[in-house]
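Asker: These protein sequences, in sequence, are chains B and A. To convert, take the position in the first sequence, counting from 1, and add 3; that gives my numbering. To convert, take the position in the second sequence, counting from 1, and add 3; that gives my numbering.
If you are wondering where the hints come from, they were derived from the structure by calculation, not from laboratory data. This one's a predicted model, so the numbers in the text were calculated from it and none came from an experiment. Don't take each hint at face value.
[As the list claims (entries may be wrong)] When the alpha-carbon atoms are kept at most 30 Å apart in a straight line, the in silico DSSO-like pairs for lysine-lysine are as follows:
#, chain 1, residue 1, chain 2, residue 2
1, A, K41, B, K95
2, B, K100, A, K159
3, A, K129, A, K185
4, A, K185, B, K74
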Amino acid sequence: MMEKTEMIGDKDISVERTGAEARKLNFKNELCGSCGICEKICPVDAIEVNPTGAMVRTEQESSKLEIDENKCVLCGMCSCICPYDALDLEIKGKTIKESDEYPHLLKSSEIDEDKCIYCKACETACPPGAITIARELPDRSKLVSGEIEIDKETCIKCGVCEEMCPAEAIELDYKFPTSDDPTIASNINIDKDKCVYCLVCKKACPVDAIKGVCRLCSYGDYDIKAEDAEIKGSSDINEEVCVNCGWCKDICPVEGIKVTKPFEGTVDINQESCQGCETCVMACPCNAISFPETEEMGGISEKIHIDEKYCIYCGACEKACPVDAIDVKRTKIHSTPVKSKSWEKAFESIKN
Amino acid sequence: MCFKYTSIYKHFYIIFDDNYIYIEYISVINTHGVHMPKHIISGLKYLAAVELRKKGRNQREIAAELDMDRSTVSHYLNGRNVSWNSIEIATVIRNTCPKDFLALTYALIKDKDKTRTIIKTCLDKKYDCKVKTSCIGCGICVDACMMNSIVLDDLKAQIDPYWCCGCLICGEMCPTNSIEIKEVKNDGENRDDR
């Protein structure tokens with residue numbers, strides 16, 4: 004028989020319908036951008052997005068949206084249109100995102116491993132923290148060339164070289180002097196794996212006990228192999244967390260990232276009615292909005308700055324703005340073919 | 004963790020709430036003197052057997068289709084082993100609207116497949132089943148249809164008129180009012196178009 008249940012676990016919600024064709028709608032609060040597209044597309048008005056401003060400004064007990072299980076018919080429209088993949092409908096345990104029958108947003112972000120130099124700029128810039136760059140740096144000792152030696156007879160174990168060595172390559176074994184062995188250190192060693200032959204120690208040594216030479220300028224090209232300088236690594240974008248905002252693509256110095264955004268559109272901020280309250284800045288899941296920097300006192304030309312390079316036209320800012328100063332228009336939805344007329348109409352309805 | 008629960012069938016208690024059906028039985032029993040729902044089932048099976056016989060099936064085929072002994076079929080067709088009261092009540096049930104016929108039969112038999120067979124055999128009405136383009140493919144009708152006559156194709160419901168019994172439960176549950184089912188006369192003319 005057909006039964007409907009709603010589970011609310013922490014802030015995640017799931018609505019389930021049993022029957023011959025068991026359906027389950029899962030909402031992941033963590034991924035939700037509070038953009039309200041689901042609320043707009045729902046054909047039975049079962050979804051209500053909680054006030055974004057309150058959600059982003061204070062720690063809230065409730066979920067970012069409410070699903071009325073008495074109204075929800077588990078059609079899956081919200082799941083197909085959500086740009087943040089926060090909603091997912093499963094039919095017979097299988098997500099409709101993998102089914103050809105349902106339309107999917109065409110959105111992706113990919114790092115070209117051949118181009119990536121593992122600089123970690125994208126990892127730092129990524130608003131939802133979806134990127135992980137793991138890199139393995141070359142052996143420092145293979146990138147330098149030289150010779151160094153300490154004349155232990157001349158050395159007075161004063162420790163000046165140890166204190167000055169920028170690579171922390173020199174170590175003295177200090178000890179308390181005894182009548183039997185009246186020295187302050189038993190030994191001094193240079194770690195050749197750490198030494199970069201800068202020769203600071205040689206110049207600083209008060210008794211000229213250190214002999215050394217750097218060969219980098221004269222023989223560097225012969226001594227150092229190109230493959231030893233190579234940086235190895237791997238990059239990963241967590242698809243579930245990624246919002247396809249384009250920050251990584253824009254910040255990448257080698258143009259190694261391709262991003263396809265789910266929507267095309269425009270954003271307009273009414274600078275006159277904007278009160279500069281910062282709610283949109285906090286609400287934007289794509290970090291596309293900021294307060295402009297001023298060069299001189301009183302030199303602000305706009306209250307809020309938005310860069311559409313990073314915008315996916317989700318409309319979270321428009322929804323959050325308390326004075327309706329933001330207007331987000333979606334003009335195009337990138338999706339796989341929509342086969343049903345009513346779905347086509349629903350997809351059209353979120354354009355404006 | 005909080006837990007909410009509702010049944011979307013709550014207004015169809017007649018199908019799923021055994022107590023309610025039981026109350027129905029009592030009124031039937033008092034007026035007709037029948038003591039067990041089993042007897043009414045026998046009456047329904049008798050009606051189905053007679054229908055199948057009219058369609059030219061032999062006793063073996065009828066027995067297989069209705070999941071009965073061949074000898075019972077033989078007795079039924081000869082008017083034995085089944086009380087006229089049971090047949091009378093079964094006829095009353097058959098003559099109720101398709102939704103009630105379906106609901107009462109399922110409440111008595113409690114088996115979806117056997118219910119389908121009885122309904123399909125005893126009802127020879129034809130239906131014109133249309134699904135409008137406003138259908139969103141939510142699948143509620145697929146799960147609701149006791150006759151298993153609905154499938155989803157490209158996010159749109161498709162109703163097989165062969166199996167449709169005209170109960171209209173699908174249309175009542177449809178969130179977008181996309182289902183239109185009309186009875187057609189045997190000559191194919193739509194009854195509502197007269």
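Asker: Output the numbers, in ascending order, of every earlier hint that fails for this structure.
Answerer: 1
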